[in-house]
Amino acid sequence: MACSCQKNREQFEVVREGGLGNVVFRSGVQSTAVTVAGRYGSSIVRNQKTSAVVFAGKGALELTAADGSVLLRTDDLALLTKVAATQDRPTARNTETGEEITLVVPETTPGA
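Under numbering that gives the first Met the number 0, the first residue of the sequence shown carries the number 0, and numbering increases by one thereafter.
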């Protein structure tokens, strides 16, 4: 008889470049994944099943989704803009000053 203990087990992935890059680590323990994410600049930790971000990295710039959840914290404005381009109605702000950042997301032309 096969064991079903792995069926409902949560997995957490460390993903580079604010969720746009490679998965560099997976763990069943969220705190371990967060610790490993600290070694990779601009990385996030997300739940593998739901893709929900559970750790958004570190940095003065913060990107939030339309529902208010934090997607990314980084010091890299270019990366913040790249991640914002993948979201619907994101908001960016400087966490040190509280100032909202106006994002200029480059538009892509079809076939380019």
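Think of the hints as simulated: they come from the structure by calculation, not from any bench. Do not rely on the hints blindly, as some may be mistaken.
Stated by the list, open to error - The calculated DMTMM-like cross-link candidates involving lysine to aspartate or glutamate, where the alpha carbons are at most 25 Å apart (straight line), are:
1) LYS48 <-> GLU95
2) LYS57 <-> GLU16
3) LYS48 <-> ASP66
4) LYS48 <-> ASP74
5) LYS81 <-> GLU99
6) LYS48 <-> GLU98
7) LYS57 <-> GLU9
8) LYS57 <-> GLU99
9) LYS48 <-> GLU16
10) LYS57 <-> ASP74
11) LYS57 <-> ASP75
12) LYS81 <-> GLU61
13) LYS81 <-> GLU98
14) LYS57 <-> ASP87
15) LYS81 <-> GLU95
16) LYS81 <-> GLU9
17) LYS81 <-> ASP66
18) LYS57 <-> GLU98
Going through the hints against the structure:
1. LYS48 <-> GLU95: Violated. LYS48 to GLU95 sits at ~33 Å, over the 25 Å cutoff.
2. LYS57 <-> GLU16: 12 Å, holds
3. LYS48 <-> ASP66: 19 Å, holds
4. LYS48 <-> ASP74: This hinted pair is violated, its Cα atoms lying about 28 Å apart.
5. LYS81 <-> GLU99: 17 Å, holds
6. LYS48 <-> GLU98: 34 Å, violated
7. LYS57 <-> GLU9: 24 Å, holds
8. LYS57 <-> GLU99: 18 Å, holds
9. LYS48 <-> GLU16: 20 Å, holds
10. LYS57 <-> ASP74: 8 Å, holds
11. LYS57 <-> ASP75: 11 Å, holds
12. LYS81 <-> GLU61: 13 Å, holds
13. LYS81 <-> GLU98: 20 Å, holds
14. LYS57 <-> ASP87: Holds, at roughly 22 Å.
15. LYS81 <-> GLU95: Holds, at about 21 Å.
16. LYS81 <-> GLU9: 28 Å, violated
17. LYS81 <-> ASP66: Given that 25 Å is the threshold and the Cα spacing comes to 19 Å, the pair holds.
18. LYS57 <-> GLU98: Roughly 17 Å separates the two Cα atoms, so the pair holds.
When the structure is compared with the earlier hints, violations turn up for hints 1, 4, 6, 16 and for no others.
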